[in-house]
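**Student:** This is what each chain is made of:
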Amino acid sequence: MSEVVIFFLMAALALGAALGVVLAKNPVHSALLLVTVLVAIAVLFVVQDAQLLAAVQVIVYAGAIVVLFLFVIMLLGVDEQESLSDPVRIQRPAAILLGVIALAEVLFLTGHHWATGAEKARGALDDGSGGNVERVARSLFTEFLWPFEVTAVLLVAAVIGSVVLARRSNRPTTDDVDESSGEKVSAP
Amino acid sequence: MRLLAAGDPLFADGLDFGIVLIVIVKTVVTFALLLVLVLFYIWFMRKVIADMQNRIGPARAGGRFGILQTLADGIKLFFKEQSVPDSADPFVFRLAPYLSIIPAFLAFSIIPIGGEVSMFGHETYLQLADPEIGVLFLLAMSGIGLYGVMLAGWASGSKYPLLGSVRASAQMLSYEAAFGLAVVAVLLHAGTLSTRGIVNAQAWTSWDSFATSWYWTVAVVSFAIFLVAAIAETNHPPFDLVEAEQELVGGFVTEYTGMRFAIFFLAEFMNLITMSAIAVTLFLGGPSGPALGFLPADGTVNVWLMPVFWFFAKLLFLLFCTVWVRASLPRLRYDQLMDLGWKWLIELAFLAVMVTAVVLVGRDEGWNRWVVVPASIAGAVAVLGALRLCMPKRSELVEEEA
Numbered sequence: 383m384s385e386v387v388i389f390f391l392m393a394a395l396a397l398g399a400a401l402g403v404v405l406a407k408n409p410v411h412s413a414l415l416l417v418t419v420l421v422a423i424a425v426l427f428v429v430q431d432a433q434l435l436a437a438v439q440v441i442v443y444a445g446a447i448v449v450l451f452l453f454v455i456m457l458l459g460v461d462e463q464e465s466l467s468d469p470v471r472i473q474r475p476a477a478i479l480l481g482v483i484a485l486a487e488v489l490f491l492t493g494h495h496w497a498t499g500a501e502k503a504r505g506a507l508d509d510g511s512g513g514n515v516e517r518v519a520r521s522l523f524t525e526f527l528w529p530f531e532v533t534a535v536l537l538v539a540a541v542i543g544s545v546v547l548a549r550r551s552n553r554p555t556t557d558d559v560d561e562s563s564g565e566k567v568s569a570p
Numbered sequence: 013m014r015l016l017a018a019g020d021p022l023f024a025d026g027l028d029f030g031i032v033l034i035v036i037v038k039t040v041v042t043f044a045l046l047l048v049l050v051l052f053y054i055w056f057m058r059k060v061i062a063d064m065q066n067r068i069g070p071a072r073a074g075g076r077f078g079i080l081q082t083l084a085d086g087i088k089l090f091f092k093e094q095s096v097p098d099s100a101d102p103f104v105f106r107l108a109p110y111l112s113i114i115p116a117f118l119a120f121s122i123i124p125i126g127g128e129v130s131m132f133g134h135e136t137y138l139q140l141a142d143p144e145i146g147v148l149f150l151l152a153m154s155g156i157g158l159y160g161v162m163l164a165g166w167a168s169g170s171k172y173p174l175l176g177s178v179r180a181s182a183q184m185l186s187y188e189a190a191f192g193l194a195v196v197a198v199l200l201h202a203g204t205l206s207t208r209g210i211v212n213a214q215a216w217t218s219w220d221s222f223a224t225s226w227y228w229t230v231a232v233v234s235f236a237i238f239l240v241a242a243i244a245e246t247n248h249p250p251f252d253l254v255e256a257e258q259e260l261v262g263g264f265v266t267e268y269t270g271m272r273f274a275i276f277f278l279a280e281f282m283n284l285i286t287m288s289a290i291a292v293t294l295f296l297g298g299p300s301g302p303a304l305g306f307l308p309a310d311g312t313v314n315v316w317l318m319p320v321f322w323f324f325a326k327l328l329f330l331l332f333c334t335v336w337v338r339a340s341l342p343r344l345r346y347d348q349l350m351d352l353g354w355k356w357l358i359e360l361a362f363l364a365v366m367v368t369a370v371v372l373v374g375r376d377e378g379w380n381r382w383v384v385v386p387a388s389i390a391g392a393v394a395v396l397g398a399l400r401l402c403m404p405k406r407s408e409l410v411e412e413e414a
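Heads up: the sequence lines are chains A and B, in that order. Residue numbers for the first sequence follow my numbering, so the first one is 383 and each next one is one higher. Residue numbers for the second sequence follow my numbering, so the first one is 13 and each next one is one higher.
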């Protein structure tokens, strides 16, 4: 009973806040509402016994990713209200069409079995012993060890790549020399 | 559905009115305890620093030791006018203090304050909640607490608070990595995330348990990193660049007045106390300590009182150390802060985790520990040296920028 009540409360909160993310005029308000969505979904995870997932959701998404969004908003000063006129006319109808297709897909899939082949979302949580964290750790470091390690290498490569690219653009090249004065344009 | 407090034996067989009542009592007591701790910590801090600087310190309110000074300050702030600047974002400006204080309180709820006791006929832990995800909950809460600081600076709509909050959030993000990695070494030893499980793994069994059972000896590098990162994470001196008066006026709290300012102040000290309590839990055995031998082992004193006494004794020791640091060290420069966090603490914490993992695998496999431990430490030092050699020197960096 309490599960149902919490589900509807959190689902309503998540949907309302998600609408707010799109409709809010101020990007900082949008980011805050996004955090509300993420936390509401984390609560739903806790109700489903997926405590680890809830913690990771809050730490990674609310604690790191949205903070980075906020950083960008604050440092680049884009917190003025954006103009809503669209240079590419076709974008808006295309977005609506794709949204409708995605919604239909989700509604179609919920009536059928899961794409991963699992019968239900809880899957591995229902069988086996030990706590939530233990079971996730076991499957991560036995069955899925190879994809896990490959993902780690991929992420490291991405980080190093971005550092290399960011530092290269910092070096003064001939393009950066201002023709009129002959002085080097300072790096951004 | 299991609640966040699932580990507690209180919830073993269903809920009834009595259990709900116990939880409510525990919540109120924990909240009051944290508030009183903050009140006395601030008084204690002012008194100790005054002593170290040959001053008298607070001596008026509440007798000749000025013990009620903080309470008087709090009441004064409570009755002051609260203003909202014209250029502020009014809703976020009002919201930010609560985003700061609620996570600070929630993080304290996972601290084991005492042992397992019997309350109104129910067995329960002397701790508000014992979630399975334990320490991760703390990390999640410090992640949410960041929003309070960040949004306070942004919503004030003026320059110094914004600079202060960008500094604060950059600092907290940077040190969160080192902080998390320092915790990992303890988690590897204990094999659980639950704070109760970690404390139980450090139980007092013989007179030398303080060195053999508590984790501060086997994870001494992580302990040191943890203490530095925890002070930096809570923005306390010598890492209080957030409110460097001569550069930023008051940092992100510049535009705040009255009770809203007091809430930020409270949250900051709550975080410091929570971090010290977490250090006690992870590295110093939490409530574990010798019982009084001449009293019965299952009597009220040894079950209720002694674990609580040991917890507070250790907490007081660490809190004294924070005051000591505050009184003795000058504030770091911003580049020193970032160098320390990114170039030293994260590396060292990583290597400490790896050495711990190797030693633990060696123990499970029955390898000779007199070979495994020195070899893994030597390997870690070699990696550290190689990394140092790869890093460009400061003079080269300065040259490149110029």
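A couple of the hints might just be wrong.
As the list claims (entries may be wrong) - Simulated crosslink set (SDA-like; lysine to any residue; CA at most 25 Å straight-line):
no. : chain 1 : residue 1 : chain 2 : residue 2
1   : B       : Lys-405   : B       : Gly-391
2   : A       : Lys-407   : B       : Ser-99
3   : B       : Lys-171   : A       : Val-438
4   : B       : Lys-405   : B       : Val-385
Hints in this document: simulated from the structure, not taken from any laboratory.
**Student:** For each hint, tell me whether it holds in the structure or not.
**Tutor:** Okay, the hints, checked on the actual structure:
Distance check on the hinted pair: Lys-405 (chain B) and Gly-391 (chain B) sit about 23 Å apart at the alpha-carbon level, within 25 Å; holds. Taking the CA atoms of Lys-407 (chain A) and Ser-99 (chain B), the gap is near 17 Å; set against the 25 Å cutoff, the hint holds. Of the pairs offered as hints, the one joining Lys-171 (chain B) and Val-438 (chain A) is violated, with about 34 Å between alpha carbons and a cut-off of 25 Å exceeded. Between Lys-405 (chain B) and Val-385 (chain B) the alpha-carbon distance is near 32 Å, which puts this suggested pair outside the 25 Å criterion.
Of the numbered hints given earlier, the model fails hints 3, 4; all others are met.
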